[in-house]
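Chemist: Those sequence lines, one after another, are chains A and X. Counted from 1, the first sequence has number 2 at position 2 by the working numbering; the numbering is strictly sequential. Counted from 1, the second sequence has number 6 at position 6 by the working numbering; the numbering is strictly sequential.
Just so you know, these hints were derived from the structure itself, not from any lab. Only a predicted model underlies this, so the values are computations on that prediction, with no experimental measurement involved. Heads up, the beta-carbon is just placed ideally off N, CA and C, and yes, glycines get one too. Any given hint might turn out to be false.
Selected chain X positions facing chain A (Cβ under 10 Å, derived; list incomplete) [unchecked claim]:
(1) I58
(2) S75
(3) G91
(4) L124
(5) I136
Label pairs and their calculated CB-CB ranges [claimed, not checked]:
(6) A:Q7 to X:W30: 33 to 43 Å
(7) X:K93 to A:L123: 51 to 61 Å
(8) X:I82 to A:Q118: 44 to 54 Å
(9) A:A126 to X:K163: 19 to 29 Å
(10) A:L187 to X:R63: 13 to 23 Å
(11) A:A49 to X:S99: 48 to 58 Å
(12) A:P182 to X:K93: 48 to 58 Å
(13) X:F86 to A:Q7: 23 to 33 Å
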Amino acid sequence: MIELLKQPWPWYITGPLIGLTVPALLLLGNRSFGISATLRHICAACVPAGIPFFKYNWKAETWNLVFVIGIALGGILASTFLANPAPVEVNPALSNELARYGITNYNNLVPGDIMNWQSLLTLRGALLMIGGGFLVGFGTRYAGGCTSGHAIMGISTLQWPSLVATICFMAGGFIVANLVLPFILSL
Amino acid sequence: MLKHNIADNDFEVRSTASATTDAGTPDHKWFHFLKYLVTGVLFGIVFVKGEVVSWFRIQEMFRLQSFHMYGVIGSAIAVAMIAVWFIKKLGIKTINGQSISFTPKKFNKGQVYGGLIFGSGWALTGACPGPLFAQIGTGATVIVVVLLSAIAGTWVYGLLREKLPH
Chain A
1 MIELLKQPWP
11 WYITGPLIGL
21 TVPALLLLGN
31 RSFGISATLR
41 HICAACVPAG
51 IPFFKYNWKA
61 ETWNLVFVIG
71 IALGGILAST
81 FLANPAPVEV
91 NPALSNELAR
101 YGITNYNNLV
111 PGDIMNWQSL
121 LTLRGALLMI
131 GGGFLVGFGT
141 RYAGGCTSGH
151 AIMGISTLQW
161 PSLVATICFM
171 AGGFIVANLV
181 LPFILSL
Chain X
1 MLKHNIADND
11 FEVRSTASAT
21 TDAGTPDHKW
31 FHFLKYLVTG
41 VLFGIVFVKG
51 EVVSWFRIQE
61 MFRLQSFHMY
71 GVIGSAIAVA
81 MIAVWFIKKL
91 GIKTINGQSI
101 SFTPKKFNKG
111 QVYGGLIFGS
121 GWALTGACPG
131 PLFAQIGTGA
141 TVIVVVLLSA
151 IAGTWVYGLL
161 REKLPH
């Protein structure tokens, strides 16, 4: 059983379990699934700076912060007790493309060749990690949610603005992954 | 009026009015948060084992090289949709007997502009906000910088939002 759990889980196990998070949070406390809001709560708690957007009762959303602490703990547990001993399997077309940029390490879910403390000081690493992170934080709040809040919670409750947001998430990703990322990786 | 509309467009944060109705629920003692901690832990394990937090899987998705992420997102939406339908249809309440509420989302241009910006960041970092926390948990400590940068991005949005088209 434990050997089976250590394998990468297929989409038809992973997806439904993620989907069940929606009713779980609703039944446990009438909470809407959404993770990017935690970034806003952290701003409101730590650096409100008198900005109206950060003046609200963030303490009423403490559950959300507890939830993401749980996600990090889950990451620790999964990588400690359920670690997959084999390298991450990827499509040969992708590994051929990445090899051209010197990305050959598939031991972790995060590409160790480009995402590590040393490469943070290179232009390539800084654009990927600092630049990419900034776009994630700015974009999710501008859109009013991320993949959890819009794509899963929003679409499953039949909110058409969430469908629009999700289509734009995908469009932005397609453009950047295919047209911009190769340029950044070649830096 | 404009200000009012903008204030209402963040669907992940409850308005002050509805937050006060929360006072009647027992979610204010520390041990009531344990249920969210446990849900988060299970969710984090699924994220890692399903490789949803993998930069490589995200790249495959945006290059149409793998069905995996489409299967994950599609089946997650389907299961959530069926569950929500049952909750609404049967009028199911929370474990504390509270009514379950859904907030309708209004369209604004932020969903387009912000969506494109987030999608760009998703392709670069290979992570949405949830996976960032899970990646840090797997020992990729440098992702703390990505998370701090995402918090900075959220803060700058808060600073500029009155000037941005919505």
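Chemist: Work down the list of hints and note, for each, if the structure agrees.
Modeler: Cross-check of the supplied hints:
Interface hint status for X:I58: upheld, as the beta-carbon distance to the closest one in chain A is roughly 8 Å, under 10 Å. Hint status for X:S75: holds, given a least beta-carbon distance of 3 Å to chain A, under 10 Å. Given hint, X:G91 at the interface with chain A, is violated; its Cβ is 12 Å from that chain's nearest Cβ, farther than 10 Å. At about 3 Å, the closest approach between the beta carbon of X:L124 and any beta carbon in chain A falls short of 10 Å, and the interface hint on this residue holds.
Proximity of X:I136 to chain A holds as hinted, the smallest CB-CB distance being about 6 Å (cut-off 10 Å). In this structure the supplied range 33 to 43 Å holds for A:Q7 paired with X:W30, their Cβ-Cβ distance being about 37 Å. Under the hint 51 to 61 Å, the C-beta atoms of X:K93 and A:L123, about 54 Å apart, fit the expected range. Distance hint check for X:I82 and A:Q118: the Cβ-Cβ separation is about 47 Å, which falls inside the suggested range of 44 to 54 Å.
For the hinted restraint 19 to 29 Å between A:A126 and X:K163, the CB-CB distance of approximately 27 Å keeps it satisfied. Between A:L187 and X:R63 the Cβ separation comes to about 20 Å, which falls inside the hinted range of 13 to 23 Å. A:A49 and X:S99 have their C-beta atoms about 36 Å apart, which leaves the hinted 48 to 58 Å range violated. Separated by about 51 Å at the C-beta atoms, A:P182 and X:K93 satisfy the suggested range of 48 to 58 Å.
Against the hinted window of 23 to 33 Å, the Cβ-Cβ separation of X:F86 and A:Q7 comes to about 31 Å, which satisfies the hint.
When each numbered hint is compared with the structure, violations occur for hints 3 and 11.
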